[in-house]
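In case you want the letters, here they are:
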Amino acid sequence: MTQQPVIEARRINKHFDGFQALSEVSLTVHQGERVVVCGPSGSGKSTLIRCFNGLEAHDGGNLIVDGREMAADSPHIRQLRQDVGMVFQQFNLFPHLTVLENLTIGPRKVRGLPRAKAEALARKYLERVRIPEQADKRPDQLSGGQQQRVAIARALCMEPRVMLFDEPTSALDPEMIGEVLDVMVDLATSGMTMVVVTHEMGFARKVADRMVFMEAGRIVEISPPEKFFSTPETGRAKLFLNQILGH
Amino acid sequence: MMTTLRRIYMALFALYLIGPIIVITAVSFNAQKFLAFPPRGFSLRWYAAIFVENDWFAALVNSLTIAAASALLSTAIALPVAYAAWRYGLRYARALFALGIAPFILPPVIMALAFLLFFSSVGINGLMANVIIAHAIFLLALPLVTISLGLESIDKALIEAAQTMGASSWTVFRTVIAPIAAPFALAGFAFCFVLSLNEYIIALMTVGFTVETLPVKIFNALRYGYTPVIASIAVLFLLVNITVFSLIARFSNLARILGAMD
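Each protein sequence line maps, in turn, to chains Y and G. Each residue of the first sequence is one higher than the one before, counting from 1018 in my numbering. Each residue of the second sequence is one higher than the one before, counting from 359 in my numbering.
Next comes chain Y alone, as it looks inside the complex (with noise of 0.2 Å):
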């Protein structure tokens, strides 16, 4: 990896009420770069990436993301938002909107495209995260699987620099992980740069250029998936990949 970083966080540190979620944290993520972040429930992998885009204000160290400090109250938030595309675990689709509607509301309102061209670019995503004729339908009328991926194609319509997904199969059922993670692999094939917090062990071993495992608001180890799932580096990773993968 000799590209730029997108995300620089420099040992950030963030509390909630007392509660330290993320200690000294240090992770950078260049162009093109596909990360992996996973760890047991509470140990801040969530929270680490919401720092990325903002919807958490780090407390303490530097995060540079775009080459520009992130910060809640940065000036240039909004702009630094737009850069960094996100999916939720819970999709989070605007329920008063069409499939479409979805898509272009953010390129429209934000980015000021007219809506001729934010159809266009909405469609071609569509397209790309396989679902185009469902465009016209509202989120409710969808599955799981198919709302996921509207929420793909939402969050690429803003052109981001970098996509983050934080658990985007958690809340599926079963038979509809496989849809989103065939996007997912897609997406990563086509040179986007990724971080994605998962268990999905399989999606992560086809994809990952690194591995990051994460326990108690720490970064434990970070290694390359192939060392990662054969010889990891401690004890607690090798125990954490026992219990998700030992069954």
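Don't take each hint at face value.
Calculated lysine-lysine pairs in the DSSO-like style (CA-CA distance at most 27 Å, straight line) [stated by the list, open to error]:
{"id": "1", "chain 1": "G", "residue 1": "Lys514", "chain 2": "Y", "residue 2": "Lys1126"}
{"id": "2", "chain 1": "G", "residue 1": "Lys514", "chain 2": "Y", "residue 2": "Lys1154"}
{"id": "3", "chain 1": "Y", "residue 1": "Lys1223", "chain 2": "Y", "residue 2": "Lys1255"}
{"id": "4", "chain 1": "Y", "residue 1": "Lys1154", "chain 2": "Y", "residue 2": "Lys1141"}
{"id": "5", "chain 1": "Y", "residue 1": "Lys1223", "chain 2": "Y", "residue 2": "Lys1141"}
{"id": "6", "chain 1": "Y", "residue 1": "Lys1244", "chain 2": "Y", "residue 2": "Lys1223"}
Beyond 10 Å from chain G on every Cβ pair, some chain Y residues (computed) [as the list claims (entries may be wrong)]:
{"id": "7", "residue": "Lys1154"}
{"id": "8", "residue": "Gln1158"}
{"id": "9", "residue": "Asp1203"}
{"id": "10", "residue": "Met1218"}
{"id": "11", "residue": "Asp1226"}
Think of the hints as simulated: they come from the structure by calculation, not from any bench. We put the CB at the ideal spot given by N, CA and C, even for glycine.
Mind docking chain G on chain Y? Use the hints.
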């Protein structure tokens, strides 16, 4: 046996509910000059009277104006209060919210007296604005509650989703919050409108002698005899209420507004 009993009970219950409506509707089509049931002859003259007789028509216009203005004022006051209480959970917004509910819980006659005393103590008497303000405050609970219900139906994660796409607070409000809450605000407006239209005691005590609303006019008319116009107005009111509630049901979730869980 049980089913027969149940059917009889349901029939009686329906009759009990719908009986007065049948009687008043029948009476309103009466051709005679007094409230007669069963009606004698058929005529639409009492409906025409509402629009032709100046004092009835003036009362109708007064009532509609007051209802529309007070519903608008009430909704306009409720919107920012409900929004602040929901979005920021501000303590004073919650206190305001509780204050806004209070007038509706107090007996109307107490509120009416309070408004009467207030307006006479500030020396403003008999203006239509008085009853508009009084109704807006009295009925504030309705838009407050409906708008809050609407806002509470919005998952805060939707706001985050919009923010991650770079939306400003104003854009989030305009594109996510307002469209979802709008039908609820409209329902609040409609409830206010209907209740103001039907309200008697506050209208009487604030402006009863200068601005006659329909309910006040009906009551005054009763003292001089039973004109069938009263019946035709009752039917007119009924139609307005049915229309408004059907519209609410059509454009928002009426059952939910009335407190049913979904």
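These are the hints, each one checked on the structure:
| no. | hint | verdict |
| --- | --- | --- |
| 1 | G:Lys514 with Y:Lys1126 | holds (19 Å) |
| 2 | G:Lys514 with Y:Lys1154 | holds (23 Å) |
| 3 | Y:Lys1223 with Y:Lys1255 | holds (19 Å) |
| 4 | Y:Lys1154 with Y:Lys1141 | holds (17 Å) |
| 5 | Y:Lys1223 with Y:Lys1141 | holds (25 Å) |
| 6 | Y:Lys1244 with Y:Lys1223 | holds (13 Å) |
| 7 | Lys1154 | holds (18 Å) |
| 8 | Gln1158 | holds (17 Å) |
| 9 | Asp1203 | holds (21 Å) |
| 10 | Met1218 | holds (26 Å) |
| 11 | Asp1226 | holds (23 Å) |
Checked against the numbered hints above, the structure breaks none of them.
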